[in-house]
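The primary structure of each chain is shown beneath.
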Amino acid sequence: MAQHAITLTINGEWEQVVVPSQMTLLQMLREKLARTGTKNGCMAGECGACTVLLNGEPVNSCMVLAVECDGMHIVTVEGLMQDGVLDPVQHTIIEHGGVQCGFCTPGILISARALIDRNPDPSEDEIREALVGNLCRCTGYLRIVDAVKDAAALSRQAATL
Amino acid sequence: MTIETDISHKIPHPIGDNVPRVDAREKVIGSALFADDLQFGPGLLYARIKRSTLPHAYIKRIDTSRARQLPGVKAVVTGEDYPGLIGLYLQDRYIFCRERVRYVGDPVAGVAAISEEIAEKALDLIEVEYEPLPGVFDPEFGASPEAPVLHPDLGQYEVANFIFPEPGSNISNHFRVRKGDVEAAWVQCDAIVEHKYRSISQSDVQVIAPYVGGGFGCKAGVSMEALAVAIAWKLRGRPVKLRLTREEEFYASFVRQGVVAHFKMGCDKDGRLLAMENKFFWDGGAYTEYGVNITRAAGYSSSGPYDVPNMKTDSYCVYTNHPVGGPMRGFGMPEMHAGLEQCIDELAYAIHMDPVQFRKINCIKTGSTLITGMTMHPTGLTECLVKAAEAIGWGRKDPPSAPNKRRGKGIALMWKAPAMPPNAGSSAKVALNEDGTVTVSVGGQEIGQGSFTIAAQIAAAALGVPVETVRVASPLDTNYSPYEWQTVASRLTWSMGNAVSAAARDARQQILEMVAKAWNEKPEDLDIIDGKVISYRSEESIPLKNIVIYGISLPNNEGWVGGPVLGRGTFMPTYVTGLDAETGQGPRAVVHYTVGAQAVEVEVDTDTGKVEVIRGVAAFDVGKAINPDMVKAQMEGGFVQGLSTALFESLQLKEGILQNPSFVDYRIATSADVPHNIQAIIVETPQDDGPWGARGIGEHAMVPTIPAIANAIYDAIGIRVGAPPYTSEKVYLAMLDAGLIEE
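Heads up: the protein sequence lines correspond to chains A and F, in order. Under this note's numbering, the first sequence has 101 at position 101, and the numbering climbs by one with no breaks. Under this note's numbering, the second sequence has 206 at position 206, and the numbering climbs by one with no breaks.
Source of the hints: derived by calculation from the structure; they are not laboratory data. Source: prediction; values computed, not measured. Every residue, glycine too, gets a C-beta built ideally from N, C-alpha and C. One or more of the hints may lead you astray.
Unchecked claim - From the derived model, a few chain F residues whose C-beta atoms are all more than 10 Å from chain A:
# : residue
1 : Glu-146
2 : Ile-361
3 : Asn-423
4 : Arg-720
As the list claims (entries may be wrong) - Derived pair list, reagent style DSS-like, types lysine-lysine, alpha-carbon separation capped at 27 Å:
#  : chain 1 : residue 1 : chain 2 : residue 2
5  : F       : Lys-121   : A       : Lys-32
6  : F       : Lys-74    : A       : Lys-32
7  : F       : Lys-60    : F       : Lys-74
8  : F       : Lys-654   : F       : Lys-730
9  : F       : Lys-365   : F       : Lys-387
10 : F       : Lys-279   : F       : Lys-264
11 : F       : Lys-387   : F       : Lys-397
12 : F       : Lys-610   : F       : Lys-397
13 : F       : Lys-241   : A       : Lys-32
Claimed, not checked - Some chain F residues close to chain A (C-beta under 8 Å, calculated; not the full set):
#  : residue
14 : Arg-246
15 : Gly-637
16 : Val-640
Throw the hints in and build the complete structure from the sequences for me.
Encoded structure:
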């Protein structure tokens with residue numbers, strides 16, 4: 001099968017990777033680069049556990065081919081923390097007790113970050129809508145929705161400083 | 001038996017505090033490892049499983065020769081390689097099928113190859129010739145003499161002594177309760193209701209267990225594990241990874257057992273329950289694993305949380321050609337309560353009594369004699385009921401949000417005991433480190449329920465150190481983690497908590513004796529507070545970090561006392577008794593029951609049939625909330641899982657073939673489906689054998705949700721919709737049928 005050399009950034013760092021044509025972005029992250037923070041929940045775009053930012057947009061990385069990402073910028077859950085400081089979405093989801101088993105958490109954090117980036121002051125319904133593709137079996141979502149609300153407020157405060 | 005708690009009033013300790021989860025940080029930064037995240041290097045091989053495509057058939061021939069010749073294939077295994085039977089309570093299955101297959105998905109062969117793609121290709125090259133056999137797709141039919149027998153060797157299988165199979169039939173367990181005289185009681189009843197419900201469908205090994213994503217049952221026991229071991233056995237020295245696809249996860253791991261349940265119950269005109277007669281046919285699927293014990297648990301709990309003087313129960317586990325039935329949050333209790341709690345409402349209405357009042361009269365109270373003869377321990381069920389009813393505004397009818405909608409409220413009670421062998425044990429170690437921090441070792445897994453955080457809190461409290469200085473050793477590893485029976489049954493806070501508490505108290509005692517000797521004082525006059533040993537007599541004080549590894553030097557070069565401190569603790573309930581095979585009677589059937597109530601308010605759209613749960617209230621008696629915030633998180637998450645089951649979820653099996661094995665076709669609740677308000681109420685009636693009085697809360701949180709919602713739908717539209725899920729389509733058609741709306 002054909003192999004392709006691609007260049008892309010992952011969490012701000014340039015990487016060069018050789019990938020087969022049919023390899024997904026998720027497989028490249030997990031199997032090729034051992035970046036296992038992004039989770040594999042269904043390989044069918046149904047659960048959202050593998051959500052990453054692709055040029056700033058949240059995507060199910062199991063639905064994107066790695067070769068399509070040549071020259072693009074990827075942010076995974078490992079890239080949210082900056083200089084040892086948690087992103088507001090990470091901080092508030094802990095504060096609100098919105099983490100249980102933690103398997104959906106990486107995808108939820110990425111979806112939440114993407115929402116706040118495009119809409120700094122989302123309503124509760126907008127938050128619920130933004131998270132509708134991220135399935136969670138443990139928490140019942142309420143604490144996560146509250147956490148995202150607070151994270152948006154924290155992010156706005158940080159932006160005005 | 002009472003677990004010693006006298007130290008708790010003397011020292012500041014984190015029991016009852018909302019301590020942040022110890023595992024949260026690594027889970028939000030992406031460094032927490034789950035099994036699939038472990039790295040094995042380039043030597044890793046990938047396994048895939050060839051599965052039966054027929055629900056019931058003889059295997060005439062398996063030809064693996066072409067698969068073996070495919071470049072990259074390292075091993076192919078079949079039932080011929082492993083002739084031994086396995087099973088938890090009833091050994092009724094081979095690792096890979098031999099002679100016959102019994103469900104669509106039954107493992108027939110396994111392949112290991114250098115990539116998942118090659119392994120998958122090899123599966124296609126394995127030829128299996130079947131001779132189809134008639135199937136069993138309904139447990140009630142399966143229990144009848146007309147049904148084809150799926151396990152002709154049932155009489156030869158090894159079986160635990162509290163499971164009662166009926167060889168020659170498909171009944172893998174028959175649990176009976178006989179209390180009082182049901183026939184005589186019917187005559188005295190002023191009202192009797194009778195219903196049939198179809199409920200929700202359906203040490204040579206070292207185990208290193210990193211975090212487990214939401215367990216909820218299907219990861220208990222042995223499902224895929226034996227397959228991976230059997231394949232790896234042929235490839236000594238090579239790591240082999242077996243990863244189920246999401247589709248396989250739907251039918252090749254355990255599924256919630258379907259049940260056909262018959263309820264008959266009667267009361268006098270004052271609303272006193274006089275008799276109940278229940279019959280359950282559990283759809284155990286092709287093999288049993290836990291199914292036979294779900295059947296037993298539903299049997300000894302079959303009255304629901306009610307005081308019933310005359311009781312007759314027959315609970316049957318029945319082999320069918322469906323996926324293997326097993327544990328799923330609640331272990332039979334959501335299924336059983338779904339029907340039972342609707343019948344309770346019906347009976348209350350039959351004598352024109354308010355359902356809450358009816359429940360107040362009849363619910364289990366401290367000292368009640370349960371249907372097994374056991375005496376109920378202190379319980380706050382009435383308080384749960386009253387608080388849930390009050391919080392939902394019981395008796396008050398609010399106007400709907402639109403003219404095409406109808407509102408209703410519903411309530412349901414629950415009880416559940418940890419369903420486990422009578423002697424399920426726990427153990428723990430508490431080690432002090434050079435810097436005075438503490439490492440707790442346990443064998444119970446963190447599956448999201450917060451067990452590591454609870455272990456840290458209990459160790460900190462029992463030892464006398466700040467909770468921030470306590471670390472829980474992970475990942476668990478059978479080479480060094482102490483024994484734990486299983487991470488199931490919502491039993492860790494209680495059972496493992498007792499072991500951790502004992503280990504911490506053991507370490508504490510060692511430290512106090514060491515310091516007492518060095519200071520020439522009595523251990524009773526010393527205490528450990530905030531990581532320091534203090535003397536109430538001499539008012540001396542010394543930090544733990546100076547002494548817990550190196551001991552204390554005696555004055556005048558007289559040598560040393562103490563040394564490294566390592567506490568050990570174990571717990572095993574010794575007081576659970578057997579139950580009589582004919583009557584289900586015995587002094588103590590279970591360790592304890594966690595009880596609770598849920599109330600909901602719903603709105604039904606008469607144009608579309610859509611049921612919206614507007615508000616939910618959950619009140620559970622947890623004995624003592626070690627971490628109240630995490631207790632509430634369990635109640636909320638459980639409520640939403642219950643809501644999801646009530647409104648959306650259904651395994652659709654057609655002649656044994658699953659029609660909807662994906663998250664698109666098997667829908668679960670999303671962030672858009674949950675009510676804006678779920679109120680969680682903690683009730684605390686201490687448990688005599690729990691750490692600080694705690695008992696479990698986890699599975700319980702979804703047990704009463706289906707009937708609470710069903711009762712609320714009835715309150716709104718006056719219709720019993722039947723088996724869940726209460727989808728828009730089903731509710732709409734039920735309203736049409738009842739003449740409530742017109743097409």
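Hint check:
1. Glu-146: Answer for F/Glu-146: holds, closest chain A Cβ roughly 39 Å.
2. Ile-361: The claim holds: F/Ile-361 sits with its nearest Cβ about 32 Å from chain A, beyond 10 Å.
3. Asn-423: holds (29 Å)
4. Arg-720: holds (27 Å)
5. F/Lys-121 - A/Lys-32: holds (22 Å)
6. F/Lys-74 - A/Lys-32: holds (22 Å)
7. F/Lys-60 - F/Lys-74: holds (25 Å)
8. F/Lys-654 - F/Lys-730: holds (19 Å)
9. F/Lys-365 - F/Lys-387: The given pair, whose Cα atoms are some 16 Å apart, holds under the 27 Å limit.
10. F/Lys-279 - F/Lys-264: holds (9 Å)
11. F/Lys-387 - F/Lys-397: holds (18 Å)
12. F/Lys-610 - F/Lys-397: holds (20 Å)
13. F/Lys-241 - A/Lys-32: holds (16 Å)
14. Arg-246: Holds, about 4 Å.
15. Gly-637: holds (4 Å)
16. Val-640: Hint on F/Val-640: holds, closest Cβ of chain A at ~3 Å, below 8 Å.
Comparing the model with each numbered hint stated earlier shows that all of them hold.
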